[in-house]
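Chemist: Here is what each chain is made of, one letter per residue.
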Amino acid sequence: MDFSVSDILRSHNLACIRGDKPIFSGLEFELPPGRALVLRGANGSGKSSLMKIIAGLLSAEQGRLSLNGEEVLGDKDWISRNICYLAHKNGMKPEMTVAENLRFWAGMEHHDGDIRKEAEKIGIDHCLDLPVCYLSSGQARRAALTRVLCHPGRIWLLDEPTVGLDAAGVALLAGLMNHHLERGGRILAATHIELGLNAAKSSILNVSDYAFRLTPAFDEEPLC
Amino acid sequence: MLKLALMIIARDVRLSMRHGSASTLVVGFFIMVVTMFPFAIGPEQNILQRISVGVIWVAALLSCLLSLDRMFQTDYEDGSLDQFVLSPVPLELVVVAKCIAHWLTTSLPLIAIAPLLGVMMNLPAEGFLPLIYVMLLGTPALSFIGGIGASLTVTLRRGGVLLSLLILPLYIPVLIFGVLAVKATIGGYPAMAHIMLLCGFTLFSAAIAPWAAAAAIRSGLQ
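Those sequence lines, one after another, are chains D and G.
FYI, the numbering for the first sequence is -7 to 216, going by my numbering.
FYI, the numbering for the second sequence is 2 to 223, going by my numbering.
What the hints contain is simulated information worked out from the structure, not anything from laboratory work.
Cβ coordinates follow ideal geometry from the N, Cα and C atoms, glycine included.
Misleading hints may appear alongside valid ones.
[To be verified] To be clear about the criterion: a stretch of chain G counts as covered by chain D if any three or more of its residues have a C-beta under 8 Å from a C-beta of chain D, and this derived list gives those stretches:
no. : stretch
1   : 12 to 26
2   : 83 to 91
[Said to hold, decoys possible] Anything over 12 Å on all C-beta distances counts as not near chain G; from chain D, calculated:
no. : residue
3   : Ile0
4   : Gly48
5   : Arg56
6   : His80
7   : Glu92
8   : Glu112
9   : His118
10  : Asp158
11  : Ala159
12  : Gly176
13  : Lys193
Construct all of the structure, not just a fragment, from the sequences and the given hints.
Modeler: Have a look at this one:
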């Protein structure tokens, strides 16, 4: 699969407020095809919120997100075609088997990727017929990553993709992410550990740098 | 589009079957509530006969509430709801499919067991078929209206009680016309007006629930 899009995904002056608390403001980034942007920052700095804004699950307080000059923020049609979002939660039904879950999402997301082949790549193919509730958290994460691999979207939003993965899993994922970059895909990943991405193709965005600060006391309020 | 809706319905029905307890619990609750009435009111046959239709309907409404809070809650908790919002499938379609799945797993078992409870409540013989028909026409409204309530409370941790308070008043039209329709048939009066009003309410709820619930979910996820 090759991606032909050659334009840059750009954010302009993005700001996010959760409840009454400003999370970040003036956030700018550029994400050309074939590049990865690694989001870093302290807990609560807004990494997940930024991803949810891009995925259209949260509305930004202000700012724009444009691709090739076109506004794409909250554009449901564009999002469903281009964005593959892996949240903290795996989106898998514990009562159903891994294969049933993946087939269901394949139907919902209109693709017919070879589930077994993709599962092999992340080393979960031996568990395809097991209910998700029997899996360990690392295995469940691998199952959720299989959905990402099957997904037709070319922009991956991965929120802490390595949670629960063992060292071998992290290495496998790094290989798969680098492969995705090589074929022109984009990755936005929030993480606290080293993902093993090709350094020439990835840059780091520290979300904490854009923290909205009024007074020191303001910062100490709990998030919710 | 239809295929996607069928997939979601099949998934939810399958989940409910695997979970096992959900439908059984609802039917058990339904039987228990109706059974309480002969104990409380006494075995006078004519009194039981008079209240039978009403009691069965009220018990059906309450049982329906039991499983409502899980309609979107489990999907919210395991992250599936986010994926539904992101997927190319319109959220409105997801809501319709989930309401239909709720009806299949909750109301249909209730309707199946209702004649048995009719016997216990001394329902007149000519009332059994009308009871089933009218319940078939009226209970979809319970799932659709319930879907709105469930979507409003999806992000609340203990939304169950709030959900009941929100939804039960909206169930009153179903109760009124459902009971009247069955009673009119038993009494030999024309029941068509009640049945048509009941159907109208069901269609109305089916028409507004998808939009209302989808909007509630979108703002709830914020």
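Chemist: Are all beta-carbon distances from Glu92 (chain D) to chain G longer than 12 Å?
Modeler: The claim is violated: Glu92 (chain D) sits with its nearest Cβ about 8 Å from chain G, within 12 Å.
Chemist: Run the C-beta distances from Glu112 (chain D) to all of chain G and say if the shortest one exceeds 12 Å.
Modeler: holds, 23 Å
Chemist: Report holds if the minimum CB distance from Ile0 (chain D) to chain G is greater than 12 Å, and violated otherwise.
Modeler: holds, 22 Å
Chemist: According to the definition I'm using, a residue is off the interface if its beta carbon is farther than 12 Å from all beta carbons of the partner; does Gly48 (chain D) meet that for chain G?
Modeler: Violated, since 7 Å does not exceed 12 Å.
Chemist: Please check whether the beta-carbon of His80 (chain D) is more than 12 Å away from every beta-carbon in chain G.
Modeler: Check fails; 7 Å does not lie beyond 12 Å.
Chemist: Taking 12 Å as the cut and beta carbons as the points, is Ala159 (chain D) off the interface with chain G?
Modeler: For Ala159 (chain D), whose nearest Cβ neighbour in chain G is about 25 Å away, the distance exceeds 12 Å, so it holds.
Chemist: Okay, the stretch 12 to 26 of chain G and chain D, do three or more residues pass the C-beta test at under 8 Å?
Modeler: holds (count 5)
Chemist: Report holds if the minimum CB distance from Gly176 (chain D) to chain G is greater than 12 Å, and violated otherwise.
Modeler: With a cut-off of 12 Å, Gly176 (chain D) remains clear of chain G, as the shortest Cβ separation is near 21 Å.
Chemist: Determine whether the non-interface label on Lys193 (chain D) survives the test: each CB of chain G must be over 12 Å from its CB.
Modeler: holds, 25 Å
Chemist: For Arg56 (chain D), is the shortest beta carbon distance to chain G beyond 12 Å?
Modeler: Holds, because the least Cβ-Cβ distance between Arg56 (chain D) and chain G comes to about 19 Å, which exceeds 12 Å.
Chemist: Using a Cβ cutoff of 8 Å, are there at least 3 residues of the stretch 83 to 91 of chain G near chain D, or does the coverage claim fail?
Modeler: With 8 residues in contact (Cβ-Cβ under 8 Å with chain D), the coverage given for the stretch 83 to 91 of chain G holds.
Chemist: Taking the minimum C-beta separation from His118 (chain D) to chain G, is that value above 12 Å?
Modeler: holds, 22 Å
In this structure, the hints that do not hold are numbers 4, 6, 7, in rising order.
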